[in-house]
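All chains should be modelled from the sequences, with the hints used to inform the complete structure.
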Amino acid sequence: MAATGEPILEVRHLVKHFPLTQGALFRKQVGAIRAVDGVSFELRRGETLGIVGESGCGKSTLAKLLTALERPTSGSVRIRGREIAHARGAELKQVRRNIQMVMQDPYTSLNPRMTVGDIVGEPYEIHPEVVPKGDRRRAVRELLEVVGLNPDHADRYPHQFSGGQRQRVGIARGLALRPEIIICDEPVSALDVSIQAQVVNLLERLQDEFGIAYVFIAHDLSVIRHISDRVGVMYLGKMVELGADAEIYDRPVHPYTQALLSAVPVPDPEGRERRQRIILQGDPPSPASPPSGCRFRTRCWKAREVCAEQEPLLQIRPGTAHASACHFA
Amino acid sequence: MGDSPAPATGHARHARRPSRFRSSGSSRGSGRRGRAQEIRPASLWSDAWQDLRGRPLFVGAAFIIIVFLAMSAFPRLFTSVNPFDAATCQLSDARQGVSGLHWFGTDNLGCDVYARVVYGARNSVVIGVTTTVATALFGGLLGLVAGFTGGAVDTLFSRITEIFFAIPSVLGALLILSVFRTGNVWTVVLALAVLAWPMTFRIARAAVITAKSQDYVLAAVGLGASAPRIMFRHILPNAVAPVIVVATINLGTFVAAEAGLSFLGVGLNSPDISWGLMIADARRRFLEAPGPLLFPALFLSLTVLAFIMLGDAVRDALDPKLR
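Taken in order, these protein sequences are the chains called B and E.
Just so you know, we're using this note's numbering here: the first sequence kicks off at 1 and counts up by one.
Just so you know, we're using this note's numbering here: the second sequence kicks off at 1 and counts up by one.
These are computed hints drawn from the structure, not numbers from a lab.
Treat the hints loosely; a few may be bogus.
[Claimed, not checked] Below, in silico cross-link-like pairs of lysine to aspartate or glutamate (EDC-like), each with a Cα-Cα straight-line distance of 16 Å or less: (1) Lys133(B) with Asp118(B); (2) Lys93(B) with Glu125(B); (3) Lys64(B) with Asp154(E); (4) Lys93(B) with Asp118(B); (5) Lys212(E) with Asp154(E); (6) Lys212(E) with Glu70(B).
[What the hints assert, rightly or not] Label-pair ranges, simulated between beta-carbon atoms: (7) Asp118(B) with Val153(E): 26 to 36 Å; (8) Ser76(B) with Gly151(E): 46 to 56 Å; (9) Phe18(B) with Val153(E): 14 to 24 Å; (10) Ser226(E) with Arg205(B): 50 to 60 Å; (11) Ser74(B) with Pro228(E): 30 to 40 Å; (12) Pro132(B) with Phe74(E): 46 to 56 Å; (13) Pro285(B) with Leu57(E): 48 to 58 Å; (14) Leu57(E) with Ala90(B): 50 to 60 Å; (15) Ser301(E) with Ala288(B): 56 to 66 Å; (16) Leu302(E) with Asp118(B): 55 to 65 Å; (17) Pro228(E) with Lys302(B): 53 to 63 Å.
[Stated by the list, open to error] Footprint (simulated), chain B over chain E, 3 or more residues, beta carbon under 8 Å: (18) 208 to 217; (19) 234 to 248.
Predicted, not measured: the structure shown is a model, and the values here were computed from it.
Backbone N, C-alpha and C fix where the C-beta goes; we use that ideal spot for every residue, glycine too.
Set out below in structure tokens:
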């Protein structure tokens, strides 16, 4: 699982603003939802980057930007040096071969009118150069076997499978083109806890076998810790802390990360006595009008005047080994 | 932390349950076969068919429709009298009651009402089916394009359909048909189709917009699928069900509309035979001889009812959420 070699995915200053418009006939823009507001990171071959954050912090928009389902307002997403964010037509189709997605909800991400074999085989129809026509049936059977499904079930329909099995179908579809990067947008949050573990373990096994790099988006901190090599914490469209998973979980420096981690249930009754829960006040501010300076200052117990005046940058600060965006880190 | 997402996702799963319930629900009648059936690959269409076969409403409607279709295709199976042959009508036999020779009696001109009712089915079927196919294809295709493309194309098409919606249907049909000197089957089809396609358009467009935002469409986009592939492989199969349902129900109303227009004198004309014409011809002598009016009216009602029931049953089978 260790990250090796050069970065295969480079994200620089990625910004996505959704315009807010007014008026029926003559639309004018009255503002913008800043869903993703200047996110940068890189991903190495075979590495897993976990992205955590609460609902509405821009995690899913980030996933859509990485897979070019949404176009960024500015910034760049490079896969092996090739820009995907502004690619079009045949070029975009080529770049997409290398970055695939596993979606959140296995009940809506599979076309109910197609058999599982057709769903998993569709990538080969779209990219016929990957596998010659005669071998496709065999390739689909192999994929189903790899994800732990019975290849004889290829002619069944999605509604004949359970949630966990459907998610395996979704993973098989993502694997079909043998991409180097798979974006997992909350791939287990729609599943029962017992099934979550199976799917997460499957993803880890596939990583070992094929050297895939994951961007793993979730709001469940335990799942993220289990699978990730590095973790990024998002708040209101910005990355507030980014580092190796042990660093983030054991020595969090950003107050938001500390608050998040304090909410993780501890299975040990002894430790439960001693630890302190940090309860945040209020709700996250609207991404249409984020606070000046540090976005977290409205809910932060450490906030001073400097937090309203200066925006803290995501950088390695004295005394820590990983990057964080807090003046008091 | 692990707890917080559970209620939401649990809810989301429940919302999607019906599609899975249906597969087991459909085997309710044959539940004892249980396991064996589970193994069999079942598409949504074959599930729907399993479901339909067990519905008395569907079986009844289908029986009436099959009889009616047979009548229109092979009227000789039902009667040996050819009502187009003037020799079969004897003025001296006018307005006879129900008898062994004339099952439904005779009309003003002494023609056999039963034979005319049987032969009248063909025009109803041709007009009903042709209009339905024309509106489903035209409205459905425009709806698919408008819903999929969105933006200016969608706005343009939608405004055009609203213009058609503003035309009162009876008045519109009268106007269109009065342009033609003589009415026949095709002018009636034209008038009905021109006024009915906007409804199909709206339903198809709404279904396409719903299907377009589904995750599996996004997944196909993410794979690099072309627009035609997404449109015809992913969106169309998932948007076609409501169009089929509405088309089935509309078929009945088209049959009724043809009768109405013929009754008003702008649809079919003698010597064509149509239930609407028969009702119009018989209305003056209704009190003396109700048969010539009541029998075609009964067949008309039965046919319309059968298609509406069929549409309802098909809708329930295809979309269990409406149950």
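How the hints compare with the structure:
1. Lys133(B) with Asp118(B): holds, 13 Å
2. Lys93(B) with Glu125(B): Measuring from Cα to Cα gives roughly 13 Å; hence the hint holds.
3. Lys64(B) with Asp154(E): violated, 25 Å
4. Lys93(B) with Asp118(B): violated, 20 Å
5. Lys212(E) with Asp154(E): holds, 14 Å
6. Lys212(E) with Glu70(B): holds, 15 Å
7. Asp118(B) with Val153(E): 26 to 36 Å: About 30 Å separates the Cβ atoms of Asp118(B) and Val153(E), which means 26 to 36 Å holds.
8. Ser76(B) with Gly151(E): 46 to 56 Å: Given range 46 to 56 Å: violated, Cβ gap about 27 Å.
9. Phe18(B) with Val153(E): 14 to 24 Å: holds, 23 Å
10. Ser226(E) with Arg205(B): 50 to 60 Å: At roughly 33 Å between Cβ atoms, Arg205(B) and Ser226(E) fall outside 50 to 60 Å, so the hint is violated.
11. Ser74(B) with Pro228(E): 30 to 40 Å: holds, 32 Å
12. Pro132(B) with Phe74(E): 46 to 56 Å: Between Pro132(B) and Phe74(E), where Cβ atoms are some 52 Å apart, the hint holds.
13. Pro285(B) with Leu57(E): 48 to 58 Å: holds, 55 Å
14. Leu57(E) with Ala90(B): 50 to 60 Å: At roughly 52 Å between Cβ atoms, Ala90(B) and Leu57(E) fall inside 50 to 60 Å, so the hint holds.
15. Ser301(E) with Ala288(B): 56 to 66 Å: holds, 58 Å
16. Leu302(E) with Asp118(B): 55 to 65 Å: violated, 42 Å
17. Pro228(E) with Lys302(B): 53 to 63 Å: holds, 56 Å
18. 208 to 217: holds (count 3)
19. 234 to 248: It holds: at least three residues are needed, and the region 234 to 248 of chain E offers 3 whose Cβ sits within less than 8 Å of chain B.
Hints 3, 4, 8, 10, 16 from the list above are not met by this structure, while the remaining hints are.
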